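J.: If you want the building blocks of each chain, they are given just below.
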Amino acid sequence: MRIGIDVGGTHTDAVIMDGNQVITSTKVLTSADVMEGVANALDTILSDSGLPVSAIESVMIGTTQFTNAIIERRQLAPTGVFRLNLPSGRGLPPMVDWPDDIAEAVGRHTYTLHGGKLYDGWPIAELDPDEIDRAILDAKAKGLKNFAISSAFSPMDPSPEAYVEARLRAAIPEAKITCSHSFGRLGLMERENAAILNATLLHFAETVVSAFLTALRTRNLRCPVFISQNDGTLMSADFVSAFPALTFASGPTNSLRGAMLLTGLEEAIVVDIGGTTSDIGVLQGGFPRESNAVIEVGGVRTNFRMPDIQAIGLGGGSLVSADGETIGPQSVGHRLTQDGLIFGGNTLTATDIVVASGHQKIGNAAAVAGLPEHVVETARKNMLTILDRGIDMMKPGAVQMPVILVGGGSVLVTGDLTAAKQVHRPEHAGVANAIGAAIAQVGGESEKIVSYQTLPRDAAIAELTQEARDRALGAGAAAESLRTVDIEETEVPYMGQDTMRLRIKVIGDLAVTSAETSA
Amino acid sequence: MKLGAEHLDDLALGSVFLATGGGGDPHVPKLLTSEVLKRCGSVDLLPPDQLPDDAFVAAIGNVGAPTVSLELLPSDDEALIALEAFEKQMGRKLDAVVSFEIGGGNSLIPIMAAASRGIPVVDGDGMGRALPEAQMMTYAICGIPSTPALACDYASNVTLFTTKGTEVYERHIRALAMSSGGMITTVEHGMTGATLRDAIIPGTVSFALQLGTLLRKNRGQAPTLVAPLKALFQNSIYGECRLIHTGKVVDKSTRIVGGFDVGRTVVEGFEPGDTPVEIDIKNEYLLARRGDRVLASVPDLIVIVDYETSEPINAERLRYGQRIAIFAIGCPDFYRSPDALKVVSPRNFGFDLDYVPLETLPN
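Just so you know, the sequences run in chain order A and B. Each residue of the first sequence is one higher than the one before, counting from 1 in my numbering. Each residue of the second sequence is one higher than the one before, counting from 1001 in my numbering.
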């Protein structure tokens, strides 16, 4: 059996799953220290199910803690950034295009140095040990402990980054360091941004991961613990301590994967309606459709793989105008249970409309009995129109598709959606994220520029596949279940015959799954 | 008009659309140009007919592999170094600069150079789109010598070219680009205002700006962009504008042949049973066919956009699984002349077919 936990900004959800069956589930408030909420959720599902902790073979956690930290600019450690690419890129220092508030939260402690490589391995400049040591001395004097290191073409040759990392460790033994080549693909600025966002979260990651582990260990759960990442695959808890940034879009991904499991539908639109927004995503072949665009996290461009999500301003707490014509995007959010009319407050919200129209029995219905019928009807229909428009934006083409509703706000859907072939409201939809976390897979990626003249195509694909497999195995995959899901080949123009940018991704089941099967 | 930092987003968006798959990601050139404009002030965008006959003008831009510039970042003073070296070589100050091609980064480099130098940039370019080779530029087709030309690399190494013809020049700068990390800045085609006026595709900078504004304001699924795009193109030097296909990329493969990115993409329709559309690529999107039927061909423009946002997608970023829409747009009349078609017809790219103007092809 597996436990899936989703630690959101407001709620912590947990489920126990036996294979693809939900045994029990719960939803509790997220605590300020994260740990208490996780502990409460665990206690509830363990006691509800009556299962001994020894029956649990793995725990999967999805969390938006790190995304929220970036978006809210909190828990960010001052971070030194070392980039090796001079004399190229003059006038383009690290963080040059960051929003000021996050750049200031992280600090603009940037050092642009000589080094890095060209596409063919030729050095842009030789490393200058004195220049590097002077920068390290300056960073040390500032008291910096967190560091990101980047170097041009480091996915091809990480040695310049490794050199600076070693010098830094020698000078500042307690340093927490992220090298950009850990984030794979080409695109120096996006890869460097990912490394900086990761490095600035390293102290917070340690706190969060140790809170998770403490909550589990004090309940004698000694099984492996995994945390889900952007593309629906899993990482070990240790790995997350080093790479918290890889969790950034795991929330929407888990909700989509959970919706897939609950309905068995592999091609569908998933609408996750919360208190403030509805997140609309698309399942293709059982996995989230990825975004084509460069992904921004908290206003910073990154190279992460992320699902294509359309967020629209409609949720259970959305404000409704007195005539019912305007709904959202302002919302009372988590204050719904105090501010909404049916909860004794003074604010007309989307949830009040649904109760007034007789579609739901929540709170005190008498409080909305006096609302004019035409206002209720106008608002109710407007909500459906808003959702229809959002779904239409995401739909692949003109054909209708099944729509799966998940999240607490799904009560807002009180009639037919014209964009939907059929509306599904699966049981346990409120904890779809936790279910998605519980069924996540593990993956590994590798990318390089290779010349097929020096390394034949078959050998290049084999070498990169092996690298990707090694990364997946490092993240906890079972070797026999690994399969290649993506081979991307882009020839680099003007670079001579047969020079390719090659990227390979493999995914597979968690090693523990096969242990379960054999047990 | 004056071009300032506030125009760059729309200008870049519009010129990536006109780049027909080439041109590269404009994000970094946009950042650099924006910084230079903030530091040095805005730039005069000069219509070609306002250039004095004896004004001295040169074309400036980047030559190389867009993929490489993802790692080998450009510098804010590269354009100025190249420009000053060119002036020193020619013994004469430039009165204005002009773009090779209205495409991604190469529509921004001249603006950065002009701002650094305090001179105007000419409203127009040498292609009206992006094309892979130097001899395909209107300046070359009109017989303007491409050299003396100067190239500057990432380390400010400067190289002088004096070649016997544009085809040779093209081979030489490509060889230098390859040995300089894959990307160089060149200043070439020194010419007078009078000469340029007869050789330029006019108004393309302001048009790209207008197009970018339209794409931003109407951001949404491709079919909703058809009417506004048609209205814009029909009243321009381009003319015909058609949505020729929507669907999903089911294959993309490219190989380098003779130093070019040559390959094909296959786009399956959203409706089951549709015949897929194939697009041939040589750096840019060159030929779109459904089965045996030609939907559009070079020198007309073939543009691939993201289906959901209608944002143009460069050839190097096109990949399996993307949901896209394909537009075709008529090229400026210059490229339909017999002299131009001698260097830019489908046959020049190895296709065994003659050019048929878009508007005479069945829709």
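Just so you know, these hints were derived from the structure itself, not from any lab. Small disclaimer: the values here were computed from a predicted structure and weren't measured. There's no promise every hint is true.
[To be verified] Partial list, derived from the structure: chain B residues whose beta carbon lies under 8 Å from chain A:
| # | residue |
| --- | --- |
| 1 | 1052 |
| 2 | 1053 |
| 3 | 1072 |
| 4 | 1158 |
| 5 | 1160 |
| 6 | 1221 |
[Said to hold, decoys possible] Restricting the straight-line Cα-Cα distance to at most 30 Å, the calculated cross-link-like pairs of lysine-lysine (DSSO-like) are:
| # | chain 1 | residue 1 | chain 2 | residue 2 |
| --- | --- | --- | --- | --- |
| 7 | B | 1342 | A | 421 |
| 8 | B | 1248 | A | 395 |
| 9 | B | 1342 | B | 1230 |
| 10 | B | 1217 | B | 1038 |
| 11 | A | 395 | B | 1230 |
| 12 | A | 381 | B | 1002 |
| 13 | A | 395 | B | 1217 |
| 14 | A | 361 | A | 27 |
| 15 | B | 1217 | B | 1248 |
Ideal Cβ placement from N, Cα and C applies to all residues, glycine included.
J.: All hints are to be evaluated individually against the structure, with a verdict given for each.
T.: Results of checking the hints against the structure:
Interface restraint check for residue 1052/B: the shortest CB-CB distance to chain A comes to about 32 Å, outside 8 Å, so the restraint is violated. At a threshold of 8 Å, the smallest CB-CB gap from residue 1053/B to chain A is about 36 Å, leaving the interface hint violated. Against a cut-off of 8 Å between C-beta atoms, the interface hint on residue 1072/B holds, since the closest Cβ of chain A lies about 5 Å away. Taken as an interface hint, residue 1158/B does not check out: its beta carbon lies about 14 Å from the nearest beta carbon of chain A, beyond 8 Å.
Interface restraint check: residue 1160/B against chain A, minimum CB-CB distance 21 Å, threshold 8 Å, status violated. A distance limit of 8 Å between C-beta atoms decides the matter here; for residue 1221/B the minimum to chain A is near 7 Å, and the interface restraint holds. The straight-line distance between the Cα atoms of residue 1342/B and residue 421/A is roughly 54 Å, outside the 30 Å bound, and the hint therefore fails. Between residue 1248/B and residue 395/A, the direct Cα distance comes to roughly 13 Å. Compliance with the 30 Å bound is thereby established for this hinted pair.
Between residue 1342/B and residue 1230/B, the direct Cα distance comes to roughly 29 Å. Compliance with the 30 Å bound is thereby established for this hinted pair. For the suggested pair residue 1217/B and residue 1038/B, the alpha carbons sit about 25 Å apart, so the restraint of at most 30 Å is met. At most 30 Å may separate the alpha-carbon atoms for a hinted pair to count; residue 395/A and residue 1230/B meet this at roughly 25 Å. Restraint check: the Cα-Cα separation between residue 381/A and residue 1002/B comes to about 48 Å, which exceeds 30 Å; the hinted pair is violated.
The hinted pair formed by residue 395/A and residue 1217/B meets the criterion: a straight-line CA distance of about 21 Å does not exceed 30 Å. The straight-line distance between the Cα atoms of residue 361/A and residue 27/A is roughly 20 Å, inside the 30 Å bound, and the hint therefore holds. Among the hinted pairs, residue 1217/B with residue 1248/B is consistent with the structure: their alpha-carbon atoms are about 25 Å apart, no more than 30 Å.
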